[in-house]
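With these hints in hand, go ahead and build the complete structure from the sequences.
Heads up: the sequence lines are chains A and B, in that order.
So for the first sequence, this note's numbering puts the first residue at 10; every next one is plus one.
So for the second sequence, this note's numbering puts the first residue at 177; every next one is plus one.
There's no promise every hint is true.
To be verified - Under the rule of at most 30 Å between Cα atoms (straight-line distance), these lysine-lysine pairs were calculated in the DSSO-like manner:
no.	chain 1	residue 1	chain 2	residue 2
1	A	Lys317	B	Lys945
2	B	Lys868	A	Lys162
3	A	Lys317	B	Lys594
4	B	Lys573	B	Lys800
5	A	Lys317	B	Lys191
6	B	Lys800	B	Lys773
7	B	Lys759	B	Lys773
8	B	Lys868	A	Lys207
9	B	Lys846	B	Lys191
10	B	Lys905	B	Lys594
11	A	Lys317	B	Lys957
12	B	Lys900	B	Lys846
13	B	Lys330	B	Lys274
14	A	Lys181	A	Lys207
15	B	Lys491	B	Lys330
16	B	Lys408	B	Lys251
17	B	Lys952	A	Lys317
18	B	Lys491	B	Lys353
19	B	Lys480	B	Lys353
20	B	Lys598	B	Lys251
21	B	Lys829	B	Lys649
Hints listed in this document are in silico derivations from the structure and should not be mistaken for laboratory results.
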Amino acid sequence: MILFEFDHERPNTPDEAVALLTHAGPDARLLAGGTDLIPNMRYRTVTPALLVSLGAIQPEAPREEKDGSLRLDALAKLVTIENSALVRKRAPMLAESAHTVAGNQIRQMGTLGGNLCQDTRCLYFNQQHDFQFVAPCYKRGGDCCYPFPRNDKSTCWSVFMSDIAPALIALKAEIEIQGEQGLRRQPLEALYAGDGLKPHKLGQAELLRAVIVPPASPRQGWGYHKESVRGGLEFGMAILAATVTLAADSKACEGARLALGAVREAPVRLTETEKAMAGQALDAERIAEIAEAASQEVNPLPHHGFTKAHLRDVIRIQMRRLLARAVERAVNPNA
Amino acid sequence: MDQGLNFIGKSFKRKDGPDKVTGRAAYTQDIRLPNMLVGRVLRSPHPHARIVRIDTAKAKALAGVKAVITAADTKGIKHGFVETPRYPADQSVLAQGKVRHVGEAIAAVAAIDEITAQRALEAIEIEYEILPAVFEPEAAMQPGAPEIHPSHPKVAMKENWANIGGKTETGWGDVEKGFAESDYVREDRFDCQLRTHGYLEPHVTLAHWEAEKLNVWTSSMGAFVKRAKLAKTLDLPFAAVRIHKSYVGGTFGGKIDLYPHEYAAARLAMITGRPVKIVITREEIFQAFRHAQPLIIEVKTGVKKDGTILAQEMKVINNSGAYRGSGVVVIFLAWGFTMTAYRIPNLKFQGYSVYTNLTERAPQRGHGNPKVRFAIESQMDMIAEALGLDPIQIRLKNARDAWEQLPNGDNTHQAGLKDCIKIAAERSGLLAKYGQSRKNPPADTIRRGVGIGISSYMGGTLIYPNGSGVIVKMNDDGSATVLTGAIDIGQGSETVIAQIVAEELGIGMEDVRLISSDTDTTPQDIGAWISGMTYVTGNAARVAAGNAREKLLALGADRLGLEVSELGFGNKSVFAKANPDLKITYRELIAASIATKRGDTVIGEGFWRTMRDEPAHPSLATAKGRWTENYAYSAQVAEVEVDLETGKARLVKALTVHDCGFPINPALVKGQVDGQVSMALGHAFMEEILIKDGYVLNPTWLDYRMPTVHELALSEDVDVITEKYQVGKAYRTKEVGEGLVSGILAAIGNAIYDATGVRLHSTPFSADKILAGLRKIERQKRQAAE
Numbered sequence: 010m011i012l013f014e015f016d017h018e019r020p021n022t023p024d025e026a027v028a029l030l031t032h033a034g035p036d037a038r039l040l041a042g043g044t045d046l047i048p049n050m051r052y053r054t055v056t057p058a059l060l061v062s063l064g065a066i067q068p069e070a071p072r073e074e075k076d077g078s079l080r081l082d083a084l085a086k087l088v089t090i091e092n093s094a095l096v097r098k099r100a101p102m103l104a105e106s107a108h109t110v111a112g113n114q115i116r117q118m119g120t121l122g123g124n125l126c127q128d129t130r131c132l133y134f135n136q137q138h139d140f141q142f143v144a145p146c147y148k149r150g151g152d153c154c155y156p157f158p159r160n161d162k163s164t165c166w167s168v169f170m171s172d173i174a175p176a177l178i179a180l181k182a183e184i185e186i187q188g189e190q191g192l193r194r195q196p197l198e199a200l201y202a203g204d205g206l207k208p209h210k211l212g213q214a215e216l217l218r219a220v221i222v223p224p225a226s227p228r229q230g231w232g233y234h235k236e237s238v239r240g241g242l243e244f245g246m247a248i249l250a251a252t253v254t255l256a257a258d259s260k261a262c263e264g265a266r267l268a269l270g271a272v273r274e275a276p277v278r279l280t281e282t283e284k285a286m287a288g289q290a291l292d293a294e295r296i297a298e299i300a301e302a303a304s305q306e307v308n309p310l311p312h313h314g315f316t317k318a319h320l321r322d323v324i325r326i327q328m329r330r331l332l333a334r335a336v337e338r339a340v341n342p343n344a
Numbered sequence: 177m178d179q180g181l182n183f184i185g186k187s188f189k190r191k192d193g194p195d196k197v198t199g200r201a202a203y204t205q206d207i208r209l210p211n212m213l214v215g216r217v218l219r220s221p222h223p224h225a226r227i228v229r230i231d232t233a234k235a236k237a238l239a240g241v242k243a244v245i246t247a248a249d250t251k252g253i254k255h256g257f258v259e260t261p262r263y264p265a266d267q268s269v270l271a272q273g274k275v276r277h278v279g280e281a282i283a284a285v286a287a288i289d290e291i292t293a294q295r296a297l298e299a300i301e302i303e304y305e306i307l308p309a310v311f312e313p314e315a316a317m318q319p320g321a322p323e324i325h326p327s328h329p330k331v332a333m334k335e336n337w338a339n340i341g342g343k344t345e346t347g348w349g350d351v352e353k354g355f356a357e358s359d360y361v362r363e364d365r366f367d368c369q370l371r372t373h374g375y376l377e378p379h380v381t382l383a384h385w386e387a388e389k390l391n392v393w394t395s396s397m398g399a400f401v402k403r404a405k406l407a408k409t410l411d412l413p414f415a416a417v418r419i420h421k422s423y424v425g426g427t428f429g430g431k432i433d434l435y436p437h438e439y440a441a442a443r444l445a446m447i448t449g450r451p452v453k454i455v456i457t458r459e460e461i462f463q464a465f466r467h468a469q470p471l472i473i474e475v476k477t478g479v480k481k482d483g484t485i486l487a488q489e490m491k492v493i494n495n496s497g498a499y500r501g502s503g504v505v506v507i508f509l510a511w512g513f514t515m516t517a518y519r520i521p522n523l524k525f526q527g528y529s530v531y532t533n534l535t536e537r538a539p540q541r542g543h544g545n546p547k548v549r550f551a552i553e554s555q556m557d558m559i560a561e562a563l564g565l566d567p568i569q570i571r572l573k574n575a576r577d578a579w580e581q582l583p584n585g586d587n588t589h590q591a592g593l594k595d596c597i598k599i600a601a602e603r604s605g606l607l608a609k610y611g612q613s614r615k616n617p618p619a620d621t622i623r624r625g626v627g628i629g630i631s632s633y634m635g636g637t638l639i640y641p642n643g644s645g646v647i648v649k650m651n652d653d654g655s656a657t658v659l660t661g662a663i664d665i666g667q668g669s670e671t672v673i674a675q676i677v678a679e680e681l682g683i684g685m686e687d688v689r690l691i692s693s694d695t696d697t698t699p700q701d702i703g704a705w706i707s708g709m710t711y712v713t714g715n716a717a718r719v720a721a722g723n724a725r726e727k728l729l730a731l732g733a734d735r736l737g738l739e740v741s742e743l744g745f746g747n748k749s750v751f752a753k754a755n756p757d758l759k760i761t762y763r764e765l766i767a768a769s770i771a772t773k774r775g776d777t778v779i780g781e782g783f784w785r786t787m788r789d790e791p792a793h794p795s796l797a798t799a800k801g802r803w804t805e806n807y808a809y810s811a812q813v814a815e816v817e818v819d820l821e822t823g824k825a826r827l828v829k830a831l832t833v834h835d836c837g838f839p840i841n842p843a844l845v846k847g848q849v850d851g852q853v854s855m856a857l858g859h860a861f862m863e864e865i866l867i868k869d870g871y872v873l874n875p876t877w878l879d880y881r882m883p884t885v886h887e888l889a890l891s892e893d894v895d896v897i898t899e900k901y902q903v904g905k906a907y908r909t910k911e912v913g914e915g916l917v918s919g920i921l922a923a924i925g926n927a928i929y930d931a932t933g934v935r936l937h938s939t940p941f942s943a944d945k946i947l948a949g950l951r952k953i954e955r956q957k958r959q960a961a962e
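This is the structure in structure tokens:
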């Protein structure tokens, strides 16, 4: 039950949506699948005066662009991403990451853009505040931090838990944003502010329109892992995604992109580890060293009852496993 | 099983099944009455505080608000899960003067819609004086800890502990002598996480006051308990309170006793004269409602070289939350679960129920047994290993036999425990697998392990009014309408009762319909808790149907000119045994009865209670007094897989070998087995309510992890049949609905040890604990090498 009143608009085009947002000011919110926003409205952690529903706008089907890149409508449902033959062929890691989100019912509702624009999460934040944690924390506009009482920096150490963003970052995806000035294109990574208070850099009247995944290089392999206690129906303890491109000899690493989710306020690129991988022959021993370095490069926020030390263990072990898998796939794309 | 049975022992589909799977079933939330108001409850934001002032004027003045109540609007009558001279009622329906846990109900409102009700809650002004709070039982026991309630006077006379709600102290023999004579003695400490029940249907109550009568629909496990407590706290005669039946979407122990919202809906309905419905949110359930009982268990056991137990000393500390609740019951039960499975010549048992500033507790399926068996069975394996015995040997050495007299005067009757252990060992190949992972570790990082745990559970126990009455009304066409107070919470009681009535009357399943769980129209029944409905209500149904059958046979003898002993019955007819063609239908007999006996239709009545001449219940303080004559026994084997690198463990396969007497409906028994294995799996690996300073951190299905279909393990089972059903004779079925969450939990812990060498003393068996254990082993190996 949403226990406050709000207005609701259902524009027919993205332009109309942007116009509504511009007109309404900061109290307006976009509603796509609603799987993130509606629970937050139930908890009254978000209390928009106006919801601009995107439900009347039909998403385009995933398609291949002239340059071989994959173009995905931000309003595409997660089930579309997960089940599209084109996505599974051209960006199987993306399909796999979409498949790990929640359960089927949520994927039937949730959209790609909504997943990438979801709010950060914290046990103290994502719940009803009728009688628990009543005084607002920094993120709710107050002046305390329940999980980190010594955090006096008016910041928020909540974690960004999209399962898909790390995969897309490892795939070097770009996004298209529509605003009053028209369309602009930027790397997905640039969307994230790294600030738990305001995790995204989207303008108030901006709308994520599309995600573009560039074509894979030859001899590129991938590995993806979502660590969780149960198989499904939960957010990740840690999310790991990697692409590895091998040199023509299929041995040395020509390039790699490693991204983590659910460990900080934004997806984390492991650029130092990536650099260290360049030119290395990725045998089992070297991969183990890289995985160790990866687990040290990030400073995971303890979250949802998991300690920093355990998160580091998870990153180290799973990074090693998925890099081995990525190399296997790079050598043999049919693996 | 007796030959010639047509209904008993057969897997009839559940009578409630089609309604539930098609969505036709009406749960309390689906019931709407005209002019219904929405009720909501105001809850404490503090774990411990004095209420200095409450001002409801602003809330009452809001348009659309029809009533606001606080403790001042109640009669101040207290209630409790236990209400005995030693443990009198201790809970107010709305907080009086003090709040003792976050979420404690303080006030309630009735309004025209949800948003208005919410605004009313926000308009209630309360001034608190914050008091120091304590959440861990061992801290709360310390003299000088914040006082939640004074320690129980009987305990305080002898011991200087604070916040003791109650104590169970019992034993026999001489434990010191037993330990002195032992070849091997060890002491271990075990504890566990806080878990909740996980019923999918939330608490919902609809109340309506009409013609001087309170009508209530509420999601519960026993209508008569609800009536008794509502009538008491509202100061109404029982006859003025009617609890209606509605479908129930799961309880697992969490819907017994009275909850403040039930009182509030009733009181608000009485004040406004309009129906009031209160639907509790899932977050409220996690944050403010009763959960299970986390126990700390210290166990010291002394054995001979051959594994024979000589002495055992148990200390159990229960974190009982802010009120007595079922906290003083679980410490008594912990003794029961200790003494029934193994022979313990010398025992010293002490159980403390300790108040803390958390929500009071409810029973949860197994009511302490999983924690007790986890402790005892883990230690059994440790002892066996130290003595060079295998896990089966040591268990067979100590397991209770059939016809053993228990220290409380009960008898094990046809206990099949030893058969359960033997069959479990044989079926699982446990001895061939046990220790293999540690002796011959495979090259990869995946280790398999196997472990066993046994348990015992009582059913049909003596607790007022664990008796049941059933009425069987024969209809003119020979079909039967059964009136029973029993409530079907998903366990299938209505189906089982129908099978018994069909068998005893010789009519079809389709000829039997039930009116159940309605306090105005059905006889008294304890409800679906404390185990034993199939035994208690089932026998009452058997007697009632038998009573109707005897009347039909007498009528038949009269009409056919034969003796009753010469008659048989079946297919809705009475016939001559010597000449089955000589018969008369029930329809004809009932018509004849009405015609010739001044309208006398055929109605059978039956009543049942365990050990009818025993007092109402044993002492919770001393455990003296008989308890039951129905002890179920089981042995369960778990096979697990552990990834040594990640520390993640999972249950691969569970085997349950159990003595439930005999199954009246094997498919329902199998359902109970599988349900308990999956529930234990949640206990073992994932479920945990996280609490900080008295506040719940994960009050949602998202962050409180119940097993999903992905985690379920293969579950096999074997019934060890020790009793039988004969038409017209009393039968003894044993408990099957909650005891089996226990042995399997212990078995999983033992299997993880078998796979990895890591002995876990606390649940859940999470990856970080297993990794920490593995690292400790590595460190010890390195130190030993240096």
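Hint check results:
1. A/Lys317 x B/Lys945: holds, 14 Å
2. B/Lys868 x A/Lys162: The given pair, whose Cα atoms are some 22 Å apart, holds under the 30 Å limit.
3. A/Lys317 x B/Lys594: violated, 47 Å
4. B/Lys573 x B/Lys800: holds, 27 Å
5. A/Lys317 x B/Lys191: violated, 51 Å
6. B/Lys800 x B/Lys773: violated, 51 Å
7. B/Lys759 x B/Lys773: holds, 21 Å
8. B/Lys868 x A/Lys207: holds, 26 Å
9. B/Lys846 x B/Lys191: holds, 17 Å
10. B/Lys905 x B/Lys594: holds, 27 Å
11. A/Lys317 x B/Lys957: The hint holds at about 26 Å.
12. B/Lys900 x B/Lys846: holds, 18 Å
13. B/Lys330 x B/Lys274: Since the Cα atoms of lysine 330 of chain B and lysine 274 of chain B sit roughly 24 Å apart, the hinted pair holds (cutoff 30 Å).
14. A/Lys181 x A/Lys207: holds, 23 Å
15. B/Lys491 x B/Lys330: holds, 18 Å
16. B/Lys408 x B/Lys251: holds, 10 Å
17. B/Lys952 x A/Lys317: holds, 19 Å
18. B/Lys491 x B/Lys353: Holds. Lysine 491 of chain B to lysine 353 of chain B sits at ~18 Å (cutoff 30 Å).
19. B/Lys480 x B/Lys353: With Cα atoms ~13 Å apart, lysine 480 of chain B and lysine 353 of chain B stay inside 30 Å; holds.
20. B/Lys598 x B/Lys251: violated, 58 Å
21. B/Lys829 x B/Lys649: violated, 46 Å
Checked against the numbered hints given earlier, the structure breaks hints 3, 5, 6, 20, 21 and satisfies all the rest.
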